[in-house]
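Student: Listed below, chain by chain, are the residues.
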Amino acid sequence: MSVVDRQEWDVVVVGAGGAGLRAAIEARERGARTAVICKSLFGKAHTVMAEGGIAAAMANVNEHDNWQVHFRDTMRGGKFLNQWRMAELHAQEAPDRVWELETWGALFDRTKDGRISQRNFGGHEYPRLAHVGDRTGLELIRTLQQKIVSLQQEDMKETGDYESRLKVYQECTVTRILKTVSHSGSAAGSRVSGAFCYERESGRFFVLEAPSVVIATGGIGKSFKVTSNSWEYTGDGHALALLAGAPLLNMEFVQFHPTGMVWPPSVKGILVTESVRGDGGVLRNSDGKRFMFEYIPDVFKEKYAQSEEEGDRWYEDPDNNRRPPELLPRDEVARAINSEVKAGRGSPHGGVFLDVSTRMPAEVIRRRLPSMYHQFKELADVDITAESMEVGPTCHYVMGGIAVESDTAAARGVPGLFAAGEVAGGMHGSNRLGGNSLSDLLVFGRRAGLHAAEYAAGFAEDRPAVDDIQVDTAAAEALRPFSAEGPEPGEENGRPPENPYTLHQELQQTMNDLVGIIRRGGEMEQALEKLADLRVRARRAGVEGHRQFNPGWHLALDLRNMLLVSECVARAALERTESRGGHTREDHPTMDRAWRRINLLCRLTDPTGGLAATDPVAGQIDLARETTEPIRSDLLALFEKEELVKYLAEEELYE
Amino acid sequence: MSSYEARFKVWRGDAEGGGLEDFKVEVNEGEVVLDIIHRLQATQAPDLAVRWNCKAGKCGSCSAEINGRPRLMCMTRMSVFTPEETITVTPLRAFPVVRDLVTDVGFNYTKAREVPSFVPPADLGPGEYRMQQEDVDRSQEFRKCIECFLCQDTCHVVRDHEENKPAFAGPRFLMRVAELDMHPLDAAADSGLDRKRAAQDEHGLGYCNITKCCTEVCPEGIKITDNALIPLKERAVDRKYDPLVWLGSKIRRRET
Amino acid sequence: MATGTEPHLNSGGVRSASRAAITAPHLRTDRWWLAPAATAAGLLAFVVYSTWRAFADTNYYAAPYVSPFYSPCLAERCETMHAGPNADVFGSWWAISPAIIILIFPLGFRLTCYYYRKAYYRGFWASPPACAVPEPHKKYTGETRFPLILQNIHRYFFYAAIIVAGILTYDTVLAFRDEHYNWGHMGLGTVVFLVNIVLIWSYTISCHSCRHIVGGKLKHFSKHPVRYRMWQWVGKLNARHMLLAWTSLVSVALADFYVYLVASGAFADPRFF
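Chains as they are written, first to last, in UniProt numbering: chain A, 1 to 655; chain B, 1 to 256; chain C, 1 to 273.
Looking at chain A on its own, in the form it has when it is part of the complex (with noise of 0.2 Å):
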């Protein structure tokens, strides 16, 4: 039935976030015909949520920052387990990227000289993220986006169509990673061919034929019951990096956001933004104590106020004083919030206060928060500038994602598949600093759209080719939702079909409560259990009504995804018997010195699978243990001895 459209692609670009512009802006400027492919409209992406902003030392406030001291800041608060070339890179290159937007019609918060400002966050030794108020990632998303609109005005102007060189495939959704197959049939040797995508408008199916896929999908928080991620946060481009024969890496790594809304339900998990705390908000309990002194831990003691005064005196004079721990990196900040409730000095809602009201005037609340003054005005009735908000942790962001190389962006083991931003691990290590998301964004989409169009130059005429076999199989899988009623063969015979939604409902259930903010070993037994009873429920997911923007389909399809991460973070979890950043284990509760150097990977069991005949038990997942290459010599000299004693193990000290 391959009768499919077909159109043919240098790179692809799979998502239009912050990273998948950016690779596209950089694949079309070095040559290559790009497209892009995107879940929702052109300029809807995630990163619009982003609030904080960009973290790149451009030392604009502060003269004593530099690349060195934001390496250290990262090394830091991922605990070490970070790709260290990759946050060398990120690092170095950070302040370019920032700079580049101006060039592009970026407009971000001045200094006094005329400079780009930069503010105080979590983890960051100095006033460091380059931000639009509280709207920097919307500031970020809508600059890519006129920048993709001025490089196809351009386009317009030499060949006559705005679409020659670089196209937008805005509400489709790609399923499918295609591969050439090799004359042994085996998947080794492989190369990436294209993809394949539906337009959600029509559900009408087409294959877009390239060398380079870019994955810039964003993160899994969908697959949570609590999160601030959009619907379009269900792991696709972990899945099909998986799928396609890509190991994805330290997955158990999900950071819980510390302040998310808790109050009304049905806005529980919305991100209130860390400049809230950046800008003097304070973390009280029921008792109206600023509890977070109490939860300084050992690593981070001499970087962080002992007292009240000395924390608030830090806003004004931080040379000689030190922050308070309100701006700890947020899986500390979100374990105290944690630790708090449980105790039963929680907020009324089941959360703690949050407080700026007292601390700011509140015509200066209303001009540098201005996004949050509103969204707690309109959805909770809330006026932060006369009480406090109520918050508690929310699943956020997640660490772990497809292994990549760090110099190319260029996923392990698939030649021609490459990811960036949030789908990629290892930038981050155990746990993400605030900002630096928006800068990894623009450093590795960068990277990765460079790679992938140098990549996609090397072949002339022989192109890898689409197998068509490969099509029909997936066509049949996107549609077989509708099918889903008739009776099956074997063991499913007769049994009515399972609501999308109601399984979708279930699985963020047990991730949030079995493998959520802390974590015990039985738990998540457990969660692997329940896991693979979804699986086979949601072999039956049925849908009712047409392909056409039919969201009940569009849900069924996106359960695969969800599924096979969601069994990625379960297991890795399990497998790590340590805490370390965005893993708290309550069974093993301290870092290990020797889990540093190990890194998790997932692979598919059976990559060449529909993923049907997958057993319950042993699950669709292989967990494998690697050890990390040693950190450069120079780089590790930027540390204090003292310091790296508590996270390196003995052997590499010697080294």
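The hints are simulated quantities; they were obtained by calculation from the structure and are not laboratory data.
C-beta atoms are modelled at their ideal positions from N, C-alpha and C, and glycine is treated no differently.
Mixed in with the good hints, there may be bad ones.
Computed far set for chain B versus chain C, every beta-carbon distance over 12 Å [claimed, not checked]: (1) Asn67; (2) Arg113; (3) Gly127; (4) Gly192; (5) Leu193; (6) Ile251.
A few chain B residues facing chain A, derived, Cβ under 7 Å [stated by the list, open to error]: (7) Gly17; (8) Met75; (9) Gln132; (10) Glu141.
Once the Cα atoms are required to be at most 30 Å apart in a straight line, the calculated DSBU-like pairs of lysine-lysine come out as [stated by the list, open to error]: (11) C/Lys217 - B/Lys223; (12) A/Lys268 - B/Lys24; (13) A/Lys377 - C/Lys223; (14) B/Lys240 - C/Lys219; (15) A/Lys157 - B/Lys223; (16) C/Lys219 - B/Lys144; (17) C/Lys236 - C/Lys217; (18) B/Lys240 - A/Lys268; (19) C/Lys217 - B/Lys144; (20) C/Lys223 - C/Lys236; (21) A/Lys112 - B/Lys223; (22) A/Lys112 - C/Lys217; (23) A/Lys289 - A/Lys268; (24) A/Lys530 - A/Lys342; (25) A/Lys303 - A/Lys342; (26) A/Lys225 - B/Lys24; (27) A/Lys157 - B/Lys240; (28) C/Lys236 - B/Lys165; (29) A/Lys342 - A/Lys289; (30) A/Lys225 - B/Lys9; (31) B/Lys144 - B/Lys223; (32) A/Lys377 - B/Lys223; (33) B/Lys165 - C/Lys217; (34) C/Lys236 - B/Lys144; (35) A/Lys268 - B/Lys144; (36) A/Lys641 - A/Lys303; (37) B/Lys9 - A/Lys377.
Guided by the hints, dock chains B and C onto chain A, whose structure is given.
Tutor: Same frame as chain A, now just chains B and C:
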């Protein structure tokens, strides 16, 4: 306040036709209209088509018309209605319908392409830009736009007159012209582009009769009319309808 | 169900064939008609009153007060106002009310004002009557053609309005005389004139054209700190342009009516000192 059962009328159909369908659905404390639409999807109408993303008023995807008024579904709290009220939800009525609450907003993307982009100053490299906060304030206000296209939907110039669509960019994209014209470092003039004149000649600024519906519906509270459209009209007057300014510019050009 | 399944009328608006099939021209449930109706009623009342007074040609001067409708008075037929705003510019051939000569300027200023345009486009022309309520017109070209393209000359009326406001300020100063032209007196009329002139100035200065001229046209506020301050100040007033438009409209009519009452002998101006 506990939960109650609300009556909804939701438009269902596609380009071929359709109509308002009645639903009875549970409403809980603190919910917004989008929550109710999601509950309909999960319990009564799994294929009800609707766009949404962030559910926090930041992405501008869930635009619809609620009781006849263009609004974001995620920012319309159920508490603004009485429990007895029947709430009508329809797709945006200025754009072609695709299915149910989803419309074809391609008009806006077409118009976005017609506005010439920011022109970087030739003599400044990345990192050399210096701008004062007071010089970027105005354009920053317009850059708060989340492109929900409610202003484009409510503007009678195209809502009531399909035939004006080719000639009129709509409030959102006239505001984009204003944003660029007020950008302190935009070098369009050096490249021979006069944005003030183009606003009138290319983007249909003259169609705007400043009746302010765009400002009324803007979920970001941007003063589109007072801060973007009227100043742009005044700038167009400078170029096209003001003999004094015209004469002044002639003389000055001769001097320099 | 299905209240809208019948074929569309291709009217070019919300009932175009491509748009969602909904028969009702709009679905607003609030009292959307109230604002345009009130606007229309208010404006109409002023038009009726001012037409009567402008053509009346009597009872517009009661020393020391001159009706703002008749100031400056520029024809031979004007009543004599000692040191007042009258000058025989037009001579004796001007046979009708001298108010007509001067009223053209404030009228033009208000007619082309960005707020009043909204008010009468909505209230009188129903273009549109309210947001998301369809307008009844088949065609719409906005302010792209004659005569509405003339709205672009608003700033010239603004310049004229400054002069008129200056003259009305002079009249207000003269209101500190008594009926025998002696200085240092004040009556209720003086208060009415004072309130009126403050509102007239506020309305005039808060004009969008004024905001543009004082600073809005600049690209770099940072290079013009004084004009930036002025722009901010005018901007604050400009945010209340609608309020000032209405209050100054009422106050100018009241000032005129007060003069009418005193001049016609219906009311004696109470004196404070």
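Student: Regarding the pair A/Lys303 and A/Lys342, is the alpha-carbon distance no greater than 30 Å?
Tutor: Roughly 27 Å separates the two Cα atoms, so the pair holds.
Student: Once the shortest beta carbon distance from B/Gly17 to chain A is found, is it less than 7 Å?
Tutor: 14 Å, violated
Student: Mind checking the alpha carbons of C/Lys217 and B/Lys223 for me, to see if they're no more than 30 Å apart?
Tutor: 17 Å, holds
Student: Sort out whether A/Lys342 lies within 30 Å of A/Lys530, counting only the CA atoms.
Tutor: Measuring from Cα to Cα gives roughly 26 Å; hence the hint holds.
Student: Would the pair C/Lys223 and C/Lys236 pass a check requiring their Cα atoms to be no farther apart than 30 Å?
Tutor: Roughly 21 Å between the alpha carbons, so the hint for C/Lys223 and C/Lys236 holds.
Student: According to the definition I'm using, a residue is off the interface if its beta carbon is farther than 12 Å from all beta carbons of the partner; does B/Leu193 meet that for chain C?
Tutor: Nearest chain C Cβ is 15 Å from B/Leu193, so the label holds.
Student: Within a Cα-Cα threshold of 30 Å, do A/Lys268 and B/Lys144 meet the stated pairing?
Tutor: 24 Å, holds
Student: Check whether the Cα positions of A/Lys289 and A/Lys268 lie no farther apart than 30 Å.
Tutor: 24 Å, holds
Student: Could you check if B/Met75 really has its C-beta closer than 7 Å to a C-beta on chain A?
Tutor: 5 Å, holds
Student: For the pair we were handed, A/Lys112 and B/Lys223, check the Cα-Cα distance against 30 Å.
Tutor: 26 Å, holds
Student: Check whether the Cα positions of B/Lys165 and C/Lys217 lie no farther apart than 30 Å.
Tutor: 29 Å, holds
Student: Starting from A/Lys641, check that the Cα of A/Lys303 is at most 30 Å away, please.
Tutor: 16 Å, holds
Consistency with the previously given hints fails for numbers 1, 7, 10, 13, 15, 18 and 28, ordered from lowest to highest.
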